[in-house]
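Peer 1: Sequence:
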Amino acid sequence: MQQERIRNNAIVLSQLSIDKEEILEYLRETDSLNEYQSFMKSPVIPSRVKEDVERQISKKAGRSKLFTDFLIVMIRNHNEGLLADIIREYIRIEDQKAGFLDAELCYAKEEDIVSGEKKAKKELMELFPGKQFRFCLMPDPSLIGGYIVRCNGYEIDHSYKGQLKQLEDRINGR
644 MQQERIRNNA
654 IVLSQLSIDK
664 EEILEYLRET
674 DSLNEYQSFM
684 KSPVIPSRVK
694 EDVERQISKK
704 AGRSKLFTDF
714 LIVMIRNHNE
724 GLLADIIREY
734 IRIEDQKAGF
744 LDAELCYAKE
754 EDIVSGEKKA
764 KKELMELFPG
774 KQFRFCLMPD
784 PSLIGGYIVR
794 CNGYEIDHSY
804 KGQLKQLEDR
814 INGR
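Residue numbers (this note's numbering): 644 to 817.
Take these hints with a grain of salt, some might be off.
Within a straight-line C-alpha distance of at most 30 Å, the following computed DSSO-like cross-link-like pairs (lysine-lysine) qualify [claimed, not checked]:
| hint | residue 1 | residue 2 |
| --- | --- | --- |
| 1 | Lys762 | Lys808 |
| 2 | Lys804 | Lys761 |
| 3 | Lys765 | Lys752 |
| 4 | Lys740 | Lys752 |
| 5 | Lys808 | Lys765 |
| 6 | Lys808 | Lys663 |
| 7 | Lys703 | Lys684 |
| 8 | Lys774 | Lys804 |
| 9 | Lys808 | Lys764 |
| 10 | Lys752 | Lys663 |
| 11 | Lys752 | Lys774 |
| 12 | Lys774 | Lys663 |
No lab work stands behind these hints: they were computed from the structure.
Model the full assembly from the supplied sequences, consistent with the hints where possible.
Peer 2: Dropping the structure here:
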């Protein structure tokens, strides 16, 4: 339910004519301010007070009226605690529009990174023609060797652990 709210509000944000840099600047500023986060997430502070504070901050920061109005609507709908997640989802939506996909590359050893990323990129390009990929590197020594790449619901397993599991399944008739 919460993930759906995040996604829906991110879609709305992506349909508004707000400069992406303004939105990213808001995220950079507010992510590092624990007091701001605590204030916005507090169930004790009335929405009207949060709205007034957000208007003052937005004015001082030089934010556009449209983006300020979006933030106020988020507060009125009690989504102020989800704003960082909404903006991160917005970034993913915008990246997908621009042809970028995020991929997770799990590797066992440092030496597996370069060859794994090259091979993974080639395989992903066959699955998703015309897309570009950003890899998030995740060490996983349990893979023994090789790599696993995950992207957009797909998983490609070229790890030694995966190969041993396949061998075990064949031996056991599974």
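Peer 1: With reference to the structure, classify each hint as holding or not holding.
Peer 2: Hints, verified against the model:
1. Lys762 <-> Lys808: holds (21 Å)
2. Lys804 <-> Lys761: Distance of about 20 Å is within 30 Å: holds.
3. Lys765 <-> Lys752: Holds, at about 20 Å.
4. Lys740 <-> Lys752: violated (33 Å)
5. Lys808 <-> Lys765: holds (24 Å)
6. Lys808 <-> Lys663: Distance ~45 Å between Lys808 and Lys663 Cα, so the pair is violated.
7. Lys703 <-> Lys684: holds (21 Å)
8. Lys774 <-> Lys804: holds (29 Å)
9. Lys808 <-> Lys764: holds (24 Å)
10. Lys752 <-> Lys663: violated (37 Å)
11. Lys752 <-> Lys774: holds (27 Å)
12. Lys774 <-> Lys663: Roughly 21 Å separates the two Cα atoms, so the pair holds.
Of the numbered hints stated above, those contradicted by the structure are hints 4, 6, 10, listed in ascending order.
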